[in-house]
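Let chain A serve as the given structure and place chain B on it in line with the hints.
Residue numbers (the UniProt record's numbering), protein chains in the order written: chain A, 1 to 262; chain B, 1 to 444.
No lab work stands behind these hints: they were computed from the structure.
Heads up, a few of these hints could be off.
Derived DMTMM-like pairs (lysine to aspartate or glutamate); straight-line CA-CA distance at most 20 Å [claimed, not checked]:
| no. | chain 1 | residue 1 | chain 2 | residue 2 |
| --- | --- | --- | --- | --- |
| 1 | B | Lys-195 | A | Asp-60 |
| 2 | B | Lys-96 | A | Glu-259 |
| 3 | B | Lys-195 | A | Asp-93 |
| 4 | A | Lys-239 | A | Glu-250 |
| 5 | A | Lys-121 | B | Glu-176 |
| 6 | A | Lys-121 | A | Asp-163 |
| 7 | A | Lys-193 | A | Glu-128 |
| 8 | B | Lys-96 | A | Glu-253 |
| 9 | B | Lys-195 | A | Asp-110 |
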Amino acid sequence: MNQTENVNQVSPLSVDDLTVAYHRKPVIWDVAFDLPEGQLIGVVGPNGAGKSTLLKAIMDLIPRASGRVRVFGDTYRNNRHRVGYVPQRESVDWQFPVNALDVVTMGLYDEIGWCLPVRRKHRQRAMEALDRVGIADLAQRQISQLSGGQQQRTFLARALVQDADLYLMDEPFAAVDAATELAIVDILRELKKRKKTAVVIHHDLQTVPDYFDHVVLLNMRIVACGPVETTFTAENLNKTYGGRLTLLDEVNEAMRRRETSL
Amino acid sequence: MIFLLGDWISDWDGSINGWIVVIGCLCAASASLLGNFLVLRRMSMLGDAITHAVLPGIAAAFFISGTRNSMAMFVGAVIVGLLTAVFTEWIRSVGKVDEGASMGVVFTSLFALGLVMLVAAADHVDLDPKCVLYGAIDLTPLDTVWVRGLEIPRAAIVLSIVLVLNLAFVILFFKELKISSFDPALATTMGFSAKAMHYLLMVLVSITAVASFESVGSILVVAMFVVPAAAAYMLTDRLAVMIFFSVIIAVASASLGHIAALEVPTWFGFRSTTTAGPMAVVSGLLFLLAALFGPRYGVVVKWVRRQSLSWRILCDDIVAILYRAEERDTAMPGLAGLADELFASSLSIRSALLMLRRKGEIEGSDQPKLTPRGIDRARELVRSHRLWEQYLVVETGAETNRIHSHAERWEHFTDRPLRDELDRVTEAPDIDPHGSPIPPENKL
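Okay, chain A solo, but in the shape it has when bound (with noise of 0.2 Å):
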């Protein structure tokens, strides 16, 4: 019981002071926050306000300028088999050739180990969650054949074989049918349940009440954060979509004149 406790203290995702930029062009900038244990968290932000690159700065995919993150109070090194990664439906080459089989299984990749086969098992299990988001008839269908939402499961199933504790998800909701809505959000739902956390960046506004307990609303650094019910309001909103760090934009902008007019 006091075991349980202590793990329930310490924070699933903490970030402290996290700055990226591109050509020293911050994207984001000074971003801290602590998130709660098994909720659902949405990101929400205007186009461009640096929401896929926090995710992928989170999980060291691209370099960050300063700041620290932890994931359940270690580094994301230590601890990134607790962690499921959805990215981004256009990320990935939808012609290569592999079926929605394949795709879910590799999700179970890291488990597996370096060069050791794919078992029976292992496709089982894939299968398995293929059937829980509905779509394990299209199991041996090429990738390109499936439909957006079912790509979109597919992806989902792939993170949910993970069995992870985090999930960071980079917009799922993205162009998917009504159906595939309703049933992300009832796999979300049961994350929760099963004391899961799942950070995930969404577009539409209208929903954000309904689907998620927490929220972070992100314009190239944090606007607010906290429960949907205080954090969710009209004058955050404004905050975050009226318009950016106007100020910064222009005092980096003077730095890199200054830098490349020598």
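Below, chain B alone, put in the same frame as chain A:
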């Protein structure tokens, strides 16, 4: 078997020709194994770049060791091959140019540097730039070593080792190659560093390029990296099958290429030519065959699929017209009437009628008339058509004069479940927006 071909090929010297084919196959198979991943990662040109850029590495190895020592050559080539990949990435990020441009900068400069070095070294070592470009596979059987009392060409031994190496790499790292090619970000988050896999692949590409230099030359090894894999890609949807096919295609190109090199020129009264060229030409031809006759993406299959669909639609249209004529009790349209109404040639109408008659859906030759079976087919179509019209008016508020063309298209793709759904949504109407009755569903 290869050694027996001499019976029907004029220029055949059993052992020499046998070895040429073996060496060609070994080289083609090793290159094509790796080529699959170059093609799938959309970096076929990096293979090209590396095969050219390793030249200064080889030349430097000559300078330093003073011999055509294989080990020194491999080390030099691998270093320069990796540098090519690193430089390409670096120029792309620093110079803000696309990958193609930065590759163009790197490999041409390195290749030119290598040529200069070779020319300078020509006095000391026996190496010909031409041989690097085009290879001299036909001479490889002459350079032999003795292994356990067997006289084996050196190239065959080197390439066998490379083939085993590549095969082991692809089999052992199959899973890792698959995930890091398909989804590098996910691979990296799982600890299978996509970058590490990339450079490991580049090391093997460099080694394969050097080993193949002597036999097929640097230009043709590019063909073996890219063409068999690209052809295999057209034939299957499974990665393992694709790799298997690419090796088969590579081996076929090498063997057929050598036979072609001996035979084809004699048809035109020339002497047989060097083998490397025909190998690449044959692989190109095999690619063409795959592109034409591939089971899913092939040009022919696509054409047949389109044709059979348009036939089905024409037949659909004919039975629907006959059904409507019967419904309105007007005169049955004849051949000319049908051709007129469907904007089709009388030949295609005639063939469509023949097909329908074979299926027992119409009867009568001059004056086609629907059989009960034909009526069933037509009723389904007309029902779909009119339900769609009703749906468009009810659900989208479309005007009645604009709905026909949509329904005309969709009726061919509407099956029973979809029809039932339409029926439910439009609350089971009896007549369509134009006032025509909507026929009931066929009894099973």
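Would you list, in rising numerical order, the hints stated earlier that this structure does not obey? Hints that this structure does not satisfy do not exist here, as all of them hold.
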